[in-house]
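Chains V and A, in that order, are what the protein sequence lines are.
Residue numbering for the first sequence is 0 to 88, as defined by numbering that gives the first Met the number 0.
Residue numbering for the second sequence is 0 to 247, as defined by numbering that gives the first Met the number 0.
These are calculated hints, taken from the structure and not from any lab test.
One or more of the hints may lead you astray.
[Stated by the list, open to error] Once the Cα atoms are required to be at most 30 Å apart in a straight line, the calculated DSBU-like pairs of lysine-lysine come out as: (1) V:1 to A:192; (2) A:121 to A:15; (3) V:81 to A:38; (4) A:238 to V:5; (5) V:75 to A:38; (6) A:207 to V:5; (7) A:192 to V:69; (8) V:75 to A:207; (9) V:69 to A:63; (10) A:15 to A:113; (11) A:238 to A:15.
[Said to hold, decoys possible] Covered, in the sense of this in silico footprint (three residues per stretch, anywhere, with C-beta under 8 Å from a C-beta of chain A), are these stretches of chain V: (12) 1-8; (13) 46-60; (14) 78-86.
In this text, all values refer to a predicted model and were calculated from it rather than measured experimentally.
Glycine residues also receive a C-beta, built at the ideal position from the N, C-alpha and C atoms.
Listed here are the chains, written in short residue letters.
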Amino acid sequence: MKHILKILGLLAALSAVWAGLLETSLIPYNYVWLLPIYLIVSLGCYGLLMVGVGLMVFPTCPQEATLLQKDILEAKDFLMRKGIDVGAA
Amino acid sequence: MEVLDTKPERTKSRSKYSIIIPTYNERLNIALVTYLIFKHLSDVDFEIIVVDDGSPDGTQDVVKQLQKVYGEDRILLRPRPSKLGLGTAYRHGLKHASGDFVVIMDADLSHHPKYLPGFIRKQTETGASIVTGTRYVRGGGVHGWNLMRKLTSRGANVLAQTLLWPGVSDLTGSFRLYRKSVLEDVINSCFSKGYVFQMEMIVRASRKGYHIEEVPITFVDRVYGSSKLGGSEIVEYLKGLVYLLLTT
Ligand SMILES: Nc1nc2c(ncn2[C@@H]2O[C@H](COP(=O)(O)OP(=O)(O)O)[C@@H](O)[C@H]2O)c(=O)[nH]1
Ligand SMILES: [Mg+2]
């Protein structure tokens, strides 16, 4: 199944539940009307939160850059001895 | 230890690995990365396949020099006349691969060969069809990105995770090991270009139900040479996302 259909299916299911709530008036009418807006707002908040948290805990590795420099020197040394042209760049 | 000793055939891998490296103007990087691959895979049966798209900087001359040092059977130069893009470069390399497994990696040292033994170990331990490097878990990481680049990368990732449910944490990384037959299958069902291609490959593989494992990798932004992608990356990315929503 195409993924978009899964998402549409999910949305359809949610709307059905929502319509059901409207019909049966288990919860006061006014609240039911607000539910989709709550859903959209909380999705937005979730997204922003995930990006924010992701940025805060973004894994960095400064020590890897130093290690790489060492590897590069080691490689250049070997290649130069083998007569491979690594000077220019 | 005794347990390991009784089953030496399980700890020693006998498979052959083909490492496909697409290059465009990477004369220094290809030499460095080749040295590092041989250093870290000293007891593995592998070949390196360099797919160079007619780099004007003489990348191919360097590869020929490397062949003299390491042997033409270990380093295969499979060039193309002009810059035809990454997706087709992988396809081209794959045609010449003789290994049971194929590794795809960049030449620019952002993909460090020291992780290769870990990819291979993970595959042998789990029997996975694909092992993909991920930067966004403990033990992984990125170096050399400014705040803007981190922000776009996070945003892109959250968007893709929420919309696509891909089952892997790093969609756009391209340091991966594939069972050869699986790569052939997946690559033939991919149609996008550039940046989106990496994403399409892993999403399609995941939808096809292939067993995918992740290993943490660190990604240091390239030291030499310049990036060939870029441009309107964000727009391309969003288009790619919609494309994948509709077709996978
Ligand atoms: N053969 C071939 N290699 C390419 C092409 N474009 C990029 N590459 C190589 O693909 C790898 C990744 O490219 P890079 O420019 O570093 O992309 P970035 O890491 O996303 O910025 C490098 O090894 C490049 O040399 C192309 O059109 N043809
Ligand atoms: Mg790069």
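Hints and how they fare:
Pair hint residue 1 (chain V) plus residue 192 (chain A) holds up; C-alpha atoms about 21 Å apart against a cutoff of 30 Å. Taken as a hint, the residue 121 (chain A) and residue 15 (chain A) pair is honoured in the structure, with Cα atoms around 15 Å apart against an allowance of 30 Å. About 15 Å separates the Cα atoms of residue 81 (chain V) and residue 38 (chain A), which keeps this hinted pair within 30 Å; it holds. A C-alpha spacing of about 19 Å is found between residue 238 (chain A) and residue 5 (chain V), which places the hinted pair at or below 30 Å, so the restraint holds.
Distance restraint check for residue 75 (chain V) and residue 38 (chain A): the Cα-Cα separation of roughly 13 Å lies within the 30 Å cut-off, and the hinted pair is therefore satisfied. In summary, the hint linking residue 207 (chain A) to residue 5 (chain V) is supported, as the alpha carbons are separated by about 16 Å, within the 30 Å threshold. Distance restraint check for residue 192 (chain A) and residue 69 (chain V): the Cα-Cα separation of roughly 35 Å exceeds the 30 Å cut-off, and the hinted pair is therefore not satisfied. Note on residue 75 (chain V) and residue 207 (chain A): the hinted pairing is violated, with a Cα-Cα distance of about 43 Å set against a maximum of 30 Å.
This hinted pair checks out: residue 69 (chain V) and residue 63 (chain A) have alpha carbons roughly 25 Å apart, not beyond 30 Å. Between the alpha carbons of residue 15 (chain A) and residue 113 (chain A) the distance comes to roughly 18 Å, so the proposed pair stays at or under 30 Å and holds. For the proposed pair residue 238 (chain A) and residue 15 (chain A), the alpha carbon gap of about 37 Å is over 30 Å, so the pair is violated. By the rule of at least three residues with a Cβ nearer than 8 Å to a Cβ of chain A, the coverage given for the segment 1-8 of chain V holds, with 4 such residues.
Counting residues of the segment 46-60 of chain V whose beta-carbon sits less than 8 Å from any beta-carbon of chain A gives 9, enough to reach three: the coverage restraint holds. With a threshold of 8 Å between beta carbons, the proposed coverage of the segment 78-86 of chain V by chain A holds, since 6 of its residues qualify and at least three are required.
When each numbered hint is compared with the structure, violations occur for hints 7, 8 and 11.
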